[in-house]
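Participant: As a plain string of letters, each chain reads:
Protein chains: 2
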Amino acid sequence: MYNYQQLNQFLKGKGGNKMNDIINCMKARRSVRKFMDQQIPDQDLEAILEAGRYAPSGGNNQSCHLIVLQNKSVLKELKELVELEFSKMEIDEGMYKSIKASILASKKGGYDFYYSAPTLVVVANQQDYGNALTDSACLLENMMLAATSLNIGSCWINQLRWLDGNKEIRTFLEKLGLGENETVCGGLALGLKAVKDQEPLKRTGNQITYVK
Amino acid sequence: MYNYQQLNQFLKGKGGNKMNDIINCMKARRSVRKFMDQQIPDQDLEAILEAGRYAPSGGNNQSCHLIVLQNKSVLKELKELVELEFSKMEIDEGMYKSIKASILASKKGGYDFYYSAPTLVVVANQQDYGNALTDSACLLENMMLAATSLNIGSCWINQLRWLDGNKEIRTFLEKLGLGENETVCGGLALGLKAVKDQEPLKRTGNQITYVK
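Chains as they are written, first to last, in the working numbering: chain L, 171 to 382; chain B, 171 to 382.
Derived by calculation from the structure, the hints in this document are not laboratory data. Any given hint might turn out to be false.
The list treats identical chains as interchangeable, and a pair is accepted whether it falls inside one copy or across any two copies.
To be verified - Computed list of lysine-lysine pairs in DSS-like fashion (alpha-carbon distance at most 25 angstroms, straight line):
1) K382 x K249
2) K204 x K372
3) K258 x K246
4) K242 x K382
5) K204 x K277
6) K278 x K366
7) K382 x K267
8) K337 x K382
9) K204 x K382
10) K246 x K382
11) K267 x K204
12) K345 x K382
13) K270 x K337
14) K363 x K382
15) K242 x K270
Here the structure is a predicted model, which is why all the values come from computation and not from measurement.
Given the sequences, and given the hints that come with them, work out the whole structure.
Facilitator: Set out below in structure tokens:
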């Protein structure tokens, strides 16, 4: 298993930045969607959560709420409930492609929205707070980068955000600790990788305009 | 000036992670609001922008648009326009505290929304894209961390997002390259620091709930 120093060595050989482990880590981060059953070490989980908590927030608000799900039966129940609720929805042409895909997969059966990762972190924030989404995204990005540096696989999970207005899902999550005034902003699957590391993917979008 | 290795040494002495430069960088990042007049080196700008472009995006959409403003007269004109437009607005009790503060400061005069940083990066994304804000926030967080690793000061700037619906501001930004179908999601002030580095600030919010 590589650590951040070995990661940096790996990247230096693949066109990474010769001088900067931090930027190399950003290039090395890839979404992982296949995990080992084994749980991630507690010390890695704690390091990842702490990294997330250190993300910036608007006016130093620090109002994210991280709900860390590691209980197998709770995760199984949530997975089945997500499938059930998506399966009741009808496709609307204006829908985002990934929401359509979730509905279609759920109607077909066997939909696994979090890739059966051993850990799922739900990130919520205050409903009436204008920076809820952006603060949560910074926190999630920190967690993804910290996971990368520790050789833990991760993938952003958006399904619980899409289902935030769903009564059954909310009731379930509120029993687990979601506040009544909180909204789900995103989620993160975490686990030991069951796939080979991939090389950095070149960026062709995210265009730049210079006004010098 | 420290680089990422010196930064890591600094953090190790301040309760940082003994083993991981990447997590230390997240702890070391602090908002900087006072900058030197001197421009940042082009190679640092390029490294920061590249780091941003490597942020994850929903479905690998890569639809952020980075508008890099370094032209002094354009920045001065934009600063004055932002002040003018905020000064026309009336305070509403339901408004976010920082928007209220911007309006009050603008009515008073001399409001400098981007701390006269030599570089202001405006981050926009597609208006009809559901992950516009979260993708942009991940990109901004990568840029802030890369800047920290290069000893460049940075601060998230939200004012142009708040004014995204303002006709005068949109006309100005569209002349600079903002697309008609794009919405401003955030911004970043970048410059050489004119303040001493601060120690990491302990996190007391961003609470965690465990379901094990």
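Participant: All hints, please: hold or fail.
Facilitator: Results of checking the hints against the structure:
1. K382 x K249: between (50 angstroms within a copy, 16 angstroms between copies)
2. K204 x K372: within (22 angstroms within a copy, 34 angstroms between copies)
3. K258 x K246: within (19 angstroms within a copy, 54 angstroms between copies)
4. K242 x K382: between (54 angstroms within a copy, 8 angstroms between copies)
5. K204 x K277: within (22 angstroms within a copy, 55 angstroms between copies)
6. K278 x K366: Intra 29 angstroms, inter 59 angstroms, cutoff 25 angstroms: neither.
7. K382 x K267: Answer is neither; intra-copy 37 angstroms and inter-copy 33 angstroms both fail.
8. K337 x K382: between (51 angstroms within a copy, 24 angstroms between copies)
9. K204 x K382: Intra 45 angstroms, inter 21 angstroms, cutoff 25 angstroms: inter-copy only.
10. K246 x K382: between (54 angstroms within a copy, 13 angstroms between copies)
11. K267 x K204: within (22 angstroms within a copy, 43 angstroms between copies)
12. K345 x K382: between (53 angstroms within a copy, 14 angstroms between copies)
13. K270 x K337: Classified as within: same-chain Cα gap 20 angstroms, cross-chain 34 angstroms, threshold 25 angstroms.
14. K363 x K382: between (44 angstroms within a copy, 21 angstroms between copies)
15. K242 x K270: The answer is neither: 27 angstroms in one copy and 46 angstroms across copies each exceed 25 angstroms.
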